[in-house]
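So the sequences go chain by chain: A and B. Mapping of the first sequence onto my numbering: residues 974 to 1228, in sequence order. Mapping of the second sequence onto my numbering: residues 922 to 1268, in sequence order.
Simulated from the structure, these hints should not be mistaken for laboratory data. Don't take every hint at face value.
[Unchecked claim] Derived CB-CB ranges, DEER-like:
1) ARG1052/A / ASN1132/B: 23 to 31 Å
2) GLU1222/A / SER1243/B: 54 to 62 Å
3) VAL930/B / ARG1138/A: 29 to 37 Å
All C-beta atoms in this analysis are idealised placements derived from N, C-alpha and C, irrespective of residue type, glycine included.
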Amino acid sequence: MVLTGIFLYSPIALMIVFSFNAGKSRTVWSGFTLDWYSQLLKNELILNSLYTTVLVSLLAAFFATVIGTAAAIGFHAMRRRVRQFFMTVSIIPAVNPDVITGVSLMLLFVFIRSVTNIELGFFTLLLAHITFNVPYVILSVMPKLKSLNKHLFEAALDLGATPFRALCKVILPEITPGVVTGALIAFTLSIDDFVISYFTAGSSVQTLPMTIYAMTRKRVSPEINAISTLLFLVVLTLLVIINIAQRKESRRVKH
Amino acid sequence: MSKDLIRLVDCVMVFDDDVILNSINLTIKNQEFLTLLGPSGCGKTTTLRIIGGFETPTSGDVFFDGVRINDVPPYKRRVNTVFQKYALFPHLNVYENVAFGLRIAKTREDEIKTRVNDSLALVGLLGYEKRRVHQLSGGQQQRVAIARAVVNRPQVLLLDEPLGALDLKLRKEMQAELKAIQKQVGITFIYVTHDQEEALTMSDTVVVMNNGEILQIGTPQDIYNEPINAFVADFIGESNIIDGVMIGDCDVEFSGRRFECVDRGFDKDEPVDVVIRPEDLTVGEGGGQLSGTVSSVTFKGVHYEMMVDSGGFSWMVHSTLSQPVGAAVSLSVKPFDIHIMRKGKTA
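Excised from the complex, chain A in its bound form:
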């Protein structure tokens, strides 16, 4: 247990510790400072890419949640065979290696550019993020749908609701926990993503992970430690929130 812990967390711990190191060295400790963090705030490149990352993650999470929830509801209404087929088809991209997804999306966008005048940039980056987020939203909403009493929808129709109102007033409130979890997962994945962004953002736009990668290739600055630490903490916080949300939900169901 302890060994596994050390093995898993020592790199991150080291990074966090050295983000507070006064010296520029990555091996010698020369006193505590918050300079690297304050320098981050002045680094326009980092701030710009942070803005891109947050914006793209929010938008991608939003659209992926809408599309994924609608898809899950649609799949759920299908017959079992058809549903399983569609589920498998839509889950495959999630287990596909990121590099493949990234490259194939890039090829698609380059092809589109050749027929329209849509350049690789923020828009294509957003489309790519929505694409890889959708399966996770479906996976998170589907179990909620399956756990519903199958007559709930009919009960709403029976009481005079049109199918659309029944969906809004009964089904959506019931699956909200799954939808929220799906949105959080999508947001986290988007913040996190490097590989797919790398292939689809073009040269004009950079996300935070791309900036960090670019920085490591030029001069190695302890700023990287600082920004990586922050990124790690944000993702960790999101994961904790997702976990708590899921546990609360499973406890609620048991009652």
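Please arrange chain B on chain A, whose structure you already have, making use of the hints.
Relative to the frame of chain A, chain B by itself:
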């Protein structure tokens, strides 16, 4: 009873080449308590769902008050359903569950309040308005489901095995209560169950179904006393069913001897099902029509249930007096308690 309210004409339902309903013809009168009774898979729930609008028959017509409603969606029908597992809305409290239909219909707030209170009073749940659905017992959830349906003042209430999930004692109480509610609100109840006792206790009319067909329609007394075939006889209460042959009018042969009966109009030597209720057999210590040996005795509270082996057939007998296992006994039956049925006859 008053006028006809719902009419199913030649309704056929086919799913994936399986015939679920085979030409159902059924007329339901206004303010009637009608029960669809049959084993699981007999098509009773499908029939109910056709009336509720959740299924469209493959062929045939459904009329409501003389208007064909095949293509009318459930939310435009003047019927409400109490679902098998209640299907209450878990995210709403009791009050909002009951108010759901009224809110959809954009009813005025003060009227909603009065009507929700009235229907909660009807099912004895005043004071439970703020409870969450999952805080209620099965019986209470059942009542909320009934309140949620009747608050909309439907002309017909459909109930799909509503008492199936309750324990025996509660089920008995709810049977009486449902019947009382039906009298009080004065609307048609269409009730689906596989429990013959429930059907006999509550209904004005019982419809016995099997394999997607209606076998018999009648009052509980008709169905019990004059079952149309061996299946109905067996399903409605316990019966001894034995193969027999008609020798002539009022003369039947079974179990190796001839009996006097009251049925006429059969062909000579026509093979028939002979049905005798366990309570119609009298056990004696000799001198009866059949002789046999007691093979088991079970105490059932009001009576003893004995199995008597005679000539290769095991007769079930209900009697207030018991005989020891292994005793040699005689059985006798009165002519009018022998029911003769044509093989495979349906309505």
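- Item | Index of numbered hints that the structure contradicts, given in increasing order | The structure conflicts with no hint, since it agrees with every one listed earlier.
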